[in-house]
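Peer 1: Take a look at the letters that make up each chain.
Protein chains: 2
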Amino acid sequence: MPGWVNGAPGEQLSVRDRGLAYGDGLFETIAVRGGRIPLLARHLARLAEGCRRLAIPLDLALMDSELQAFAGQLGEGVAKLIVTRGEGQRGYAPPQPCQPLRILQAAPLPQYPAAHAEQGVRLFPCVTRLAEQPLLAGLKHLNRLEQVLARAEWQDAEHAEGLMCDASGRVIEGVYSNLFLLRGGALLTADLSRCGVAGVMRAELLEQARALGVPVEVRDIGHDELLAADEVFLCNSLYGVWPVRALQAQHWPVGPLTRKLQTIVRDLLDI
Amino acid sequence: MPGWVNGAPGEQLSVRDRGLAYGDGLFETIAVRGGRIPLLARHLARLAEGCRRLAIPLDLALMDSELQAFAGQLGEGVAKLIVTRGEGQRGYAPPQPCQPLRILQAAPLPQYPAAHAEQGVRLFPCVTRLAEQPLLAGLKHLNRLEQVLARAEWQDAEHAEGLMCDASGRVIEGVYSNLFLLRGGALLTADLSRCGVAGVMRAELLEQARALGVPVEVRDIGHDELLAADEVFLCNSLYGVWPVRALQAQHWPVGPLTRKLQTIVRDLLDI
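First to last, the protein sequences are chains X and V.
Each number in our numbering comes from the position in the first sequence (counting from 1) with 931 added on.
Each number in our numbering comes from the position in the second sequence (counting from 1) with 931 added on.
For reference, chain X alone in the conformation it holds in the complex (with noise of 0.2 Å):
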């Protein structure tokens, strides 16, 4: 299925966006099933939080109905949705008025092993730390140089996904990812106010872990305190949970919690 651009069928933008120049934009990876969009209301309210702080005016609207649209006809998949401030003049002055750019682009939904969700993955230690940025911190923009050089530090099989630090060693998420640890009964993430990506699939374990009446905090986790914890695991919009069973020489059981929440996450996601 072709992409689209603004809402009609396209699958190029000039070379004077903004999006190019200055990776001046957001997006977002959304599953689609059915032609609908399980996490429809995060991934639209991550993008309006997006476009406030770093203010782009995106008709928010416009692109709700624009991305339901694009995801009817879709059917099953992947819809990648990018929202550029649009054409500049050179120079980092934002124009104004500017006009956001929407870009929409279909994909498979991806084929992962069936044993990253059933017995769990082994996690990279990646040398590549995070920045801290706090003016752009949780965001999902186009700035992800760090995840680039992170992803390229492995190349085997063997590690499905690569755990970042901080440059305080503070344990903060996976490269595409965000990741979760159970310890003494509480459910812990990393608080993503100096780094990281506020994920969707986060924003939803978090509210369904509160749910069922587990504790939850979301504050600074430090190595030391993962290596220590009962459960550990990964989760994003696309697979949804999948236990993390190593890292280096450590490894944890797939636990009850984990589980139960990887249900619920199928049933929400139809996978």
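Each hint should be verified, as a subset may be incorrect.
A pair counts as met if it fits within one copy or between any two copies, since identical chains are not told apart.
To be verified - Calculated lysine to any residue pairs in the SDA-like style (CA-CA distance at most 20 Å, straight line):
# : residue 1 : residue 2
1 : Lys1011   : Ala1024
2 : Lys1011   : Leu1040
3 : Lys1071   : Arg964
4 : Lys1011   : Gly1116
5 : Lys1071   : Leu1178
6 : Lys1071   : Arg1021
7 : Lys1191   : Arg1033
Calculated from the structure, these hints are not laboratory results.
Given the structure of chain X, go ahead and fit chain V onto it with the hints provided.
Peer 2: Chain V alone, transformed into the frame defined by chain X:
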């Protein structure tokens, strides 16, 4: 004059290009005078270093000849060169093999008020800090949201540039310039091993100052050192050298070393 994409006339690129998706690429902003590029060797050296550090397999000889041919057609103006890792499938993993994309765009030479070079400029004190990321520091890569946020902090014409510091408050650079200061007879500019863009004019000025017998120090610079400086100036490859005359309540005279370097660079840039 229309731009070139991979050596042929064009102004469009694929929405699947990783330059858009992740800012996975580099750029150069290049002054062209009389069909020639005054700082050609420095631009190419920086681009080569960026490609090496990001592992982008650019054909540098081809890029060189293409850039010079473009400059020959442009005559007078600014050539903006963008190199990306090219198209990829979904996901951060760099495609193997990858086919880098070469983009050249033409723009007129910027028309700055003559007073900027003559009387000097006032710096806006940007609140946006530069995050520390040694793996990307110094590179002119396409992840430039920090500069977009910083440049959006002021709209008045009173401030020609903004001062950017790192998260620890060290003085680093302007939003689109490098910064030098003269103190106790030595010329200082920030060490850019944690953040910042290593400008080609900065490299040229370091060499010119050494040739004049001026002691040069590339190191961390505190905000107090900036305030106590005898001379302060900015540089980039388009405008050459601008004296800095003020930052908030602080004022500096336009000093003799600033004028001497400005004259040398004017001859070099033919401005």
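Peer 1: With reference to the structure, classify each hint as holding or not holding.
Peer 2: We went through each hint and held it up to the structure:
1. Proximity of Lys1011 and Ala1024 under a CA criterion of 20 Å is satisfied inter-copy only: 16 Å between copies versus 27 Å inside one chain copy.
2. For the identical chains of this complex, Lys1011 and Leu1040 are intra-copy neighbours only, at 11 Å inside a copy versus 37 Å across copies, given an alpha-carbon limit of 20 Å.
3. Taking identical chains as interchangeable, the C-alpha atoms of Lys1071 and Arg964 are never at most 20 Å apart, the minima being 22 Å within one chain and 40 Å between chains.
4. Proximity of Lys1011 to Gly1116 under the C-alpha cut-off of 20 Å is found in neither arrangement, the shortest distances being 36 Å within a copy and 56 Å between copies.
5. Within a single copy, Lys1071 and Leu1178 get their C-alpha atoms no closer than 26 Å, and across copies no closer than 34 Å, so neither meets the 20 Å cut-off.
6. Proximity of Lys1071 to Arg1021 under the C-alpha cut-off of 20 Å is restricted to the inter-copy arrangement: shortest distance 15 Å between copies versus 25 Å within a copy.
7. Within a single copy, Lys1191 and Arg1033 get their C-alpha atoms no closer than 37 Å, and across copies no closer than 49 Å, so neither meets the 20 Å cut-off.
Hints 3, 4, 5, 7 from the list above are not met by this structure, while the remaining hints are.
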